[in-house]
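Sequence lines, in order, name chains A and B.
Read in order, the letters of the first sequence are residues 1 to 329 in the working numbering.
Read in order, the letters of the second sequence are residues 1001 to 1398 in the working numbering.
Just so you know, the hints here were simulated from the structure itself, not pulled from any lab data.
Fair warning: this is a prediction, and the values are worked out from it, not measured in the lab.
In this text, a Cβ means the ideal position worked out from N, Cα and C, and glycines have one as well.
A portion of the hints provided could be inaccurate.
What the hints assert, rightly or not - Covered by chain A, per the in silico footprint, the following chain B stretches (three or more residues, Cβ under 8 Å):
#, stretch
1, 1019-1027
2, 1033-1043
3, 1233-1243
4, 1309-1316
Unchecked claim - Some chain A residues flagged as far from chain B (calculated, every beta-carbon gap over 10 Å):
#, residue
5, Lys26
6, Pro67
7, Arg68
8, Glu206
9, Val216
10, Leu289
11, Glu326
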Amino acid sequence: MHPTPRGVEAGRLDLLDRRLLFFTGKGGVGKSTVAAATALLASERGKRVLLVEVDAKGNLTDFFEHPRVGFEPVQVQPGLHIMQMRTDASLREYLRIHVRVPVLGGVGPFANVLDFVANAAPGVKEILTIGKVCWEVGEAIEGRAPWDLVVVDAVASGHVIAQLDSPRAIRELVQVGRVREQTERMSELLASPEITALNIVTSAEEMPISETIDLVASARAELEVPLGAVIINRLLPEPFTRADEPVVAALRTPPAADLLATRVGSGAEAVLDAVALAASLRRSRAPHLARLRETVDLPMVNLPYLFAHDHGLRALHQLADALGEELDP
Amino acid sequence: MSNDTVGRSLEPLLTTHEIVIFCGSGGVGKTTTAAAAGLEAVVRLGGRVLVLTIDPAKRLADALGLEGIGNVERRVSDEVLRAAGIEGRGELYAAMLDTKASWDDLVLRHAPNEETAYRILDNRMYTTVTGRFVQSHDYIAMERLFELHSSGKYDLIIVDTPPTRNAIDFLEAPARMAEFFGGRLLRWLTMPYRVGGRRGARLVNFASRPFYQLADRVLGQQFLQDIAEFFLNFQSMYDGFVARAKSVEQLLHERRTSFVVVTTLEDAPLREATFFCDALSERRFHLGALVLNKILPDALCDDDNRDAATKLLDEADSIACDLAATGAVELADQPRTARVLRAAAQTFRDYSVVAAREAELRKELSHVPDIVAVVPALEDDVHDLAGLRIIGTELFSS
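Just chain A, same shape as in the assembly (with noise of 0.2 Å):
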């Protein structure tokens, strides 16, 4: 194994310069709104950015309003375009392009067993994913694709080290040929830090942040793929100083808590109560945050919670703006 040199890793936070970004985390910590708020945010730095929704959910085009798209890539936003990954879509294109056969409109036995090759036989759907997304880097290198960027919304933190460890698995088996080579290129283009980074989306929750820590050391272990950041998303608002502490306790006990609700009603309380719940679930999440940031050595891009939208074009483009400034301190 070639682990990636640490001066690449810590050094500057260079992502939207890459060509190939994979974003993973745990289910539910909001992957997926982090990859569409980076491809936002790059294309509108100027990059003509192709987004790669790689999870069968097909929604990756409700955080930008627009209708579903499938495998050809479509436009969504002014330089940034949207496909959906089909693996029997990816194994026609490939026979048509690689292997120069014609394939035969859908029809007999043939179709039958391309379409369960593609979707049902174990191991092929990675390859014809990685497989894809790596055509689009490679040819986008050569100017025979037009994109600066390709942003992947990659299958969750369990599953991501067997996709991408995918070209070298079929390699393993696959001794000669023609795919070999190619498992061979695909490998090359994952690994060069230049190129590719593999970015890990956590909440600051206790799964998210101990699946984050044990990704890291196993993306490090088993993948010649470059680490790239640890995005923090949702991110609760501190309201409060430690120094503010004591004024909060004492608005709850008399004679205080008589004068507030004097001059505000009953429902003082309920305020200060929702004040005591958001406290304690930051305070919840302090330890994981401190756990990821001694074990973890990548650089940390942090994210707020939205209060205001937890979804579509308007919660992205604060997301981006967010991520922008993060990245440009």
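Mind docking chain B on chain A? Use the hints.
For chain B alone, coordinates are given in the frame of chain A:
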């Protein structure tokens, strides 16, 4: 916000079923909810309850005395329970799914003889397929469930499902597995061997078929030979395997099995939960309950409380002045008090917006099962038995 037409407690569901499968998208608290339901069943209903989990938080596993727990189920000791002040009427067991070990067991059980079994276990394809690739987890989870259930040792088995790319993948896994082994592809791939048959397994007919011509150009012959050998060996398990996959599927459909969908009231998880509820009904599985998890308190949506927050924000300076006059030393610094009041009001408003969105999404819920349990947002991650009891109490409250 209460809905009178539906029940709130999971108790009747857990009393009347032998298998309850918890599902939902990642991050909604599925594992914790399943564990809490299992513990609560032990406390209130008694019997032998097994929680089959996928990946519990380390602190939780540690708290249950289950460090390093594996494929074999283990009892949560009475001492651990008693230390947390729990006098269970029943016995709590837990097991964690080990995909590779479960696959190996399956092969050993269904292979016609030991020699074939070990040929399969040593095959490179097999190791790659079972260890690295994703879909195999879905099937093996259901297979393991079948095995534990047919052991007859447990009154209730609670299952925490694997995080799947697609919520329905694991439901369809048994059928897909049966189809795979019965399918044309497998026959095709192994045909050259079977044709070569007695004269030694040579790949005589490879070149005559378009599929093999193509595959040979792309993959090389050695790989095809490996794959054919693998499938040929695997096919020897065909009968046992298909029968088994069908039994697994049947068990999931039986009256004694029910599903609980867990979700938060956030846009994406809720959409997936809705989709999942529909998918269960379409496939005629029993949708027993919906658990709304991490729900913010109703007080955040109350108009009087909102008015109070607005007044605090608008009149912070003058209120701070009055508060200073009460003589409390903590409130002597008027600018600080005013800032704290404004921050408090703003915090309430922030959370109020989220709570309002939750309430809105909840109203839009269609296809609601008979039981909808609500678990409030707790102040801390649940990482011990006391925390599980708090959730369990909510799950059983009517």
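Cross-check of the supplied hints:
Closer than 8 Å: that is the beta-carbon criterion, and the stretch 1019-1027 of chain B has 3 residues meeting it against chain A, so the requirement of 3 holds. Coverage of the stretch 1033-1043 of chain B by chain A is violated [criterion: at least 3 residues with CB-CB distance below 8 Å; count 0]. Note: the stretch 1233-1243 of chain B has 0 residues with beta-carbon separation from chain A under 8 Å; the three-residue rule is not met and the coverage is violated. Coverage of the stretch 1309-1316 of chain B by chain A holds [criterion: at least 3 residues with CB-CB distance below 8 Å; count 4].
Residue-level check failed: Lys26 (chain A) sits 6 Å from the nearest beta carbon of chain B, not beyond 10 Å. The beta carbon of Pro67 (chain A) sits about 16 Å from the closest Cβ of chain B, which is more than 10 Å, so the claim that it is off the interface holds. Chain B leaves Arg68 (chain A) outside its interface by the beta-carbon criterion, the shortest separation being 13 Å against a cut-off of 10 Å. Some Cβ of chain B comes within 10 Å of the Cβ of Glu206 (chain A); the nearest lies about 5 Å off, and the non-interface call is violated.
Against chain B, the non-interface label of Val216 (chain A) holds: every CB pair exceeds 10 Å, the least being about 16 Å. Annotated as non-interface, Leu289 (chain A) keeps its C-beta farther than 10 Å from every C-beta of chain B; the closest such distance is 13 Å. Here Glu326 (chain A) stays apart from chain B, with its beta-carbon at least about 21 Å from theirs, past the 10 Å limit.
Going down the numbered hints, you'll see the structure goes against 2, 3, 5 and 8, while the others check out.
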